[in-house]
Each structure stands twice: as structure tokens, then as C-alpha cells.
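Given the structure of chain A, go ahead and fit chain B onto it with the hints provided.
Here are the chains, one letter per residue:
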Amino acid sequence: MSTIDNSAATAAVALERPKKGMSIERAQGRIGVLFATPYTLFLIAFGILPALYAIYLAFTKKGAFVGFDNFLKVFKDYRFWPAVEHVGIFIVVWLVLLVVLVVTLAILVHSIGLRWFSGTMRFVYYIPGALAGASSVMLWLFVLDPTVSPVSWLLQALGIESFVGAVDASRLPIVLAVIAFWTGAGGWIVIMYGALNNISKDVIEAARVDGAGPVRIAWSIQIPLMRKWIAYMVIMSFAGGTQLFVEPRVLAQASRGVVGQDYSLNQLAFLYAFKQNDFNGSAAISLVLLAVAVTLSIYFVFKGGLFERA
Amino acid sequence: MNLLRTTVALSAILVAGAALAQDGAITVWADATRQPAVEAFIAAHPEVPVNLVLDDGSSGASGTFQTKISLADQANEGWPDVVFSTQNNDAAWAARENNGAQAFAQVLNEGFLDQAFLDGFTPGALDPVTVDGKVYGLRNDLAPVLFWYNKTLLDSFGYAAPTTWEDYQALGDKLAADHPGYFLGAIGDAFPGPYVYYWSGEAPIFQVEGESFKSDTSAPNSAKVSALIDHMVANKTLTLDSLFGANFVATADKLVAIPGAAWYAGALFQNPGGVNAKAGDWVAAPPLKWADGAAVTGNVGGGVWYASSHTQNPEAVKTFLKFVTSDTKVAGTGGLPAYQAAADAWLDAQAASGFYAGDFKAAIQAAASSVWNGWGYPNFSPETAWAKIVTPGLAAGKTMTDLAADWQQEMKNEAQVVGYTVE
Chain A
1 MSTIDNSAAT AAVALERPKK GMSIERAQGR IGVLFATPYT LFLIAFGILP
51 ALYAIYLAFT KKGAFVGFDN FLKVFKDYRF WPAVEHVGIF IVVWLVLLVV
101 LVVTLAILVH SIGLRWFSGT MRFVYYIPGA LAGASSVMLW LFVLDPTVSP
151 VSWLLQALGI ESFVGAVDAS RLPIVLAVIA FWTGAGGWIV IMYGALNNIS
201 KDVIEAARVD GAGPVRIAWS IQIPLMRKWI AYMVIMSFAG GTQLFVEPRV
251 LAQASRGVVG QDYSLNQLAF LYAFKQNDFN GSAAISLVLL AVAVTLSIYF
301 VFKGGLFERA
Chain B
1 MNLLRTTVAL SAILVAGAAL AQDGAITVWA DATRQPAVEA FIAAHPEVPV
51 NLVLDDGSSG ASGTFQTKIS LADQANEGWP DVVFSTQNND AAWAARENNG
101 AQAFAQVLNE GFLDQAFLDG FTPGALDPVT VDGKVYGLRN DLAPVLFWYN
151 KTLLDSFGYA APTTWEDYQA LGDKLAADHP GYFLGAIGDA FPGPYVYYWS
201 GEAPIFQVEG ESFKSDTSAP NSAKVSALID HMVANKTLTL DSLFGANFVA
251 TADKLVAIPG AAWYAGALFQ NPGGVNAKAG DWVAAPPLKW ADGAAVTGNV
301 GGGVWYASSH TQNPEAVKTF LKFVTSDTKV AGTGGLPAYQ AAADAWLDAQ
351 AASGFYAGDF KAAIQAAASS VWNGWGYPNF SPETAWAKIV TPGLAAGKTM
401 TDLAADWQQE MKNEAQVVGY TVE
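Protein chains in written order, with the UniProt record's numbering: chain A, 1 to 310; chain B, 1 to 423.
Hints may be right or wrong, so weigh each one.
Straight-line C-alpha distance at most 20 angstroms; calculated EDC-like pairs for lysine to aspartate or glutamate [stated by the list, open to error]: (1) A:Lys76 x B:Asp406; (2) B:Lys329 x B:Asp344; (3) B:Lys318 x B:Asp56; (4) B:Lys151 x B:Asp281; (5) A:Lys62 x B:Glu97; (6) B:Lys236 x A:Glu161; (7) A:Lys61 x B:Glu97.
It is worth saying that the hints were derived from the structure and are not from the lab.
Excised from the complex, chain A in its bound form:
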């Protein structure tokens, strides 16, 4: 999974809006430009220009315009639809896990009265996020192999007798989702915690006076007010999830090919480019991913009211 830059979001939640005044706003504007410029330059160099190049590649072959030929070729590839299915199931499992557990855990941690305990928990949740994707897979390779796993009793209870069984096609989306959750959830819990801090104490207090219990408060007040942040999490995680690459790639090597080198769409794009020397087909796959991610992001942006002024 791509590591998502959570720090900006956290900062945005944590900062309270200062009182408005012309000069401050202008100074802030100038600082804002300063902060955004390097990012924009990198975005152009490593995001927008390559994307434009991919569009050019996807509709051409040897420099000549070929319409949708590359797309048709990819759609007819026997590996394409299984890869779509793999990534699709993974994303559904992962997003459901993420939304349900992250929100629940964030509300639980937020309701802990003891300051040190709440802080410790947030820190503990965040630790796995410090590991890069590939290294966390390395760790999971040991966890998933019943011959060396510290939780081999649990694997055996689930009917998993060997590493090959653990990465069996039917279990793999869940395994990948658990790995992704373990690596990525901590950062989101911290962000959701910040979102919960943003909810005015008066509102909660009023609800409590009216006799609402913690569950009612969570369901009727906290979650609706966190809607934007949940939508934000879903969009970022969806975009990251469609790009599933490192985890199955490392698993492919570790399982000696039982997890196919063509498991995910990004892996297939990689094979197209570097095994078949078909950069045009590879670009077509990446454009399909881009189109799907943009469409669903737009849906969630409007559904989640992400750009509405509070």
C-alpha cells in the first residue's frame, strides 16, 4: 500500500482557525504558496507529466494512434479479469475492516479518561505504520508460515497446515487486507482521534444531559460529524488499494510463485512493461486504474461532503 502522508491532515484537524484579519490572511496565503510550491513541482514532474505520457502511450503503438486497441488487448488478456477480481475483493474486505475498526477504535481510545493510557494506545497503534510495505510483508512471512509462526496454533485452528495453504487464493485477499490494516490503520486512528477532538465538548455535554449513553453519542453525534474524515480515509485508501503491488510481489517471491506474479493489476502492468516489453499495454492498465479511482473518488467526495464548508 502506498503510505499516505497523514501529517498534513492531522495538522489541519488539530489547528484551530485563527481569527480573521486581512494581513494575517495575506501572510498565510504567502506561506501557503511557499509550502505548496515544492509539492506542486514534484506533482507535475512525477505525477502529472508521467500521467500525460501514459495517456499518450495507451492510445498509440510504435508512435501511431491506434484508438482503443491497447485497451481491448488488455481486456482480452486471460490475466486481466482475475486480477480485477483479486484487487476488487481485497479492497472491499480492506475498506470495510478499515471503516468499522478504525472508527470504533478511535472512539474507544478517545473515550479513555486516562491521559497516559490514551496516548500510549495511539502510539502503539501507530508503530506498525512506521514499517514500509515490503518490510512488513517480510514480518508477515514468518507469521503466516506454520512451521515458524509464533501463532502457529491459531493458523492450525484455522485449518492452515502450510505456508502454501496460508496464501491460498481463497484466503489471500483477507491475508493482504489484514497486512494492510495492520500497517495502515494506526495512522488513520490518530487522524480520527484528531477529528473527534474537533467536535465541540458542548455538543457532547448537551447530549449527555439529555440522557444519551456512549453508544448513542457515537452513533448520532460523533460518527456523523466525522463523516468528512471517513470519506477522506476511504478515498485515500481506495486509491492506495487499487495500486496493490509490493505485498503480492514480495509474497510471489517468498512463496516461489504460488502467489502469481500477475496477482494484482499493477503487477500485470509491470509484467506488460518489463516482461512483454509492451509499454503501451502497461499504460492502458494504469489508465484503467486511474479512471476507476477518479470516478469512485468523485462519488465519495460528494457523498462525504468533503468540500462542503462546515
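Just chain B now, kept in the frame of chain A:
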């Protein structure tokens, strides 16, 4: 994002390689098993600076070699000077132009290396890397499949060593009945299935003629091999472990016999992390055959050294290639050297050490000269399809007979994707 990161990391390696190439050094890509050979070269030839980049040697058909060269082709820089690959089929792409970039592999005959040196290789050794009379690589070792058995164990059980596949299966029945737990092989890796069993069993499942690919898992010999595997998996004399996995090593003292490549000598038997055999226990015997079949066998890799057509230091590359394939102490890297003189020296040394009982030299020579030529070297490997379809299928309790059709279909699909016409 991740693809980008991977690409950046790979590019960094390539750039580092390119930078070093300028000061007369050669960049060598090889796997950890080849590292001692490269270090021996550095010690013997201090005048040639070597920059060794370790990778997986493309084992299990991981495609590392081709992937990294494609990146270099795209970047138009960063090629290594010498590459080692555990696969025998890389010439299928490395001998061709690639999106306008010249073919990566240097033609080694026709003047690059002197013909007298090339003639020193065992006859047939360079066939997998020869395309239209041009030699594109040098074999590191020959890897014919022979039959290894533990004489001490067999004698103590009172069984004779099998010489045919039928006897091998019958031995499995006896062991399963009288000595459960003792076993005759493991097929958890992707290579023993296709190369040790199907290739040795003369099964026409991986054949190339020109640009067309053929696979027939229902041919008589293919069906016989599938039935053999199913029978022995069912009575547990063939395990589903990897030869290099913890389970296999833990039970290795119960391994009675195993058909396998010449390089099992160093990689499996004389490896403290493998079988860790006692001197005098194991015998290398001529390969198994069908009772009514020809005396032929399979081949498991054997590795190839390639020179880059982009190299700036051809003289250093020549020195390196000659050393690493023909030096009597280094060549073969633990297996049977492909270079005849080095092979003779290695066989004599093995015989003199007395580690293996029986006529080691005769068995290996018999195997090396009888590799079945009905097996192709296209631009893909049967291992990826095996790992994807058969390994998880067997682990889930299906039989080889059930899986054969799917395996064949996956190989045909792969063939089509890389441009072969499929019959």
C-alpha cells in the same frame, strides 16, 4: 507510488552500476551461490576491478534478469557487463532486439571468444543458449537428472535400488507399508515437477518448434508421470515440502532416495543446511527410465553466464567468463562444470574424496549424455504455471491428474502472451 518506488530503487542500482563501469571495472550480476566464484576471480585477477551486484539469479523464473535489462534498455544506460541466470531460456529474449534497443546478449562465438575455448565445453552443453548458430551464453554447470539413493538405509531395510520409474513407485509402496515416514522425494518447489519428473519421464509437455509452442499433458507418458506422482503423494512417499524448506530439512534423515539434478551433490547432500549427508551413505546412480522406454533423463537449470553487448571492457569480460566457467577450482559452483576439462577434474576430485559410494563418475557421465531433447527453451518457464496451479492444488488435496489440464492451459496462455502460436 510503490511501482515508482521500486523503479527508483532499481534505477539507483543501475546508476551505481553505470558509474562504476567507467573506471575499467566490470559489473557482475549474480546470485549468492555464485558469490564465492566471483570472489575467487577477484583474488586471482586483482587487475580487473569487479563490482558484484547480488540478486536472486532469476530463480523460480522470477524474471529479475529480464526486468532489470528492460529498465536499462528503457533508460539507455546502466547495463551490467556480465550476468548470471539460473534459467536456461533467457537467450529466447536476450538474443533479440528489444523495443529498438540492441539485443542484450553478446554473441560469444564468431570471434568474441576463441573457438578453441568454446570447443572445450561438453558437447551439447551450449545448445540451450545457441540460436541460429550463434552462442549467446556459457553454461555454468550441467544439471542432468540422476538418481540419488541412501545405500546404508536401503541395505538396512533390505531393498534393492530401483532402476526404473516402475521400481521407484514399487519401492514407495514397500516403504509406505513397512517404514512409514521414510520418503523418496519432495515436490513443493516449482522445478522438480516439470524437470525431474515430466522431462525425465519423456512427457511432451513443453515443446517448441520455431515460433509455436506445444504441450500435451494427456499424452501417454505425461499421464504415466501424473499417475506416478499421484500414487506417491497419496502414500506420502513424495512430500509436498520445498527442498530448501524447514520441514524438508527436519525430516531429511528419513529421505531414502530422490531423483534429482547433478547439483544436488553440493546444494543438498553436502550442505549442512540441507540433507547434510554422511560420507559413504549416498550413491549417485544413472537416471531412472520407464521399463519400456529409452534411457533418457531431464535437466534442472544449470545456470548460464551472459556477456553484455554494451560492455566497455570486453577484454575484462572475456577474462572473467573464461575463469568462471573453466577454472578447475571454481567452475560448476558446486555442480558438474559444463566445461569438459573442469568437469573431469571435478569428477576425479569427487571420486577421490570417496564421499559418494558407487561409481559417481560413470553415473554422472551417463546422465549428462542422455538428456532428452524433446524439451524446449521458450521465453517463459513451466515453473510459473506449476507454482500457480499445481503447488496450491496439490496442497489443497487435488491430484496431478485433476490439475494437468489446468496446468497445460496456463502454460499455453503464457506462451500466447509472449508471442508463440499455440497448437
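Hint check:
no., hint, result
1, A:Lys76 x B:Asp406, "holds, 19 angstroms"
2, B:Lys329 x B:Asp344, "holds, 12 angstroms"
3, B:Lys318 x B:Asp56, "violated, 24 angstroms"
4, B:Lys151 x B:Asp281, "holds, 6 angstroms"
5, A:Lys62 x B:Glu97, "holds, 15 angstroms"
6, B:Lys236 x A:Glu161, "holds, 15 angstroms"
7, A:Lys61 x B:Glu97, "holds, 17 angstroms"
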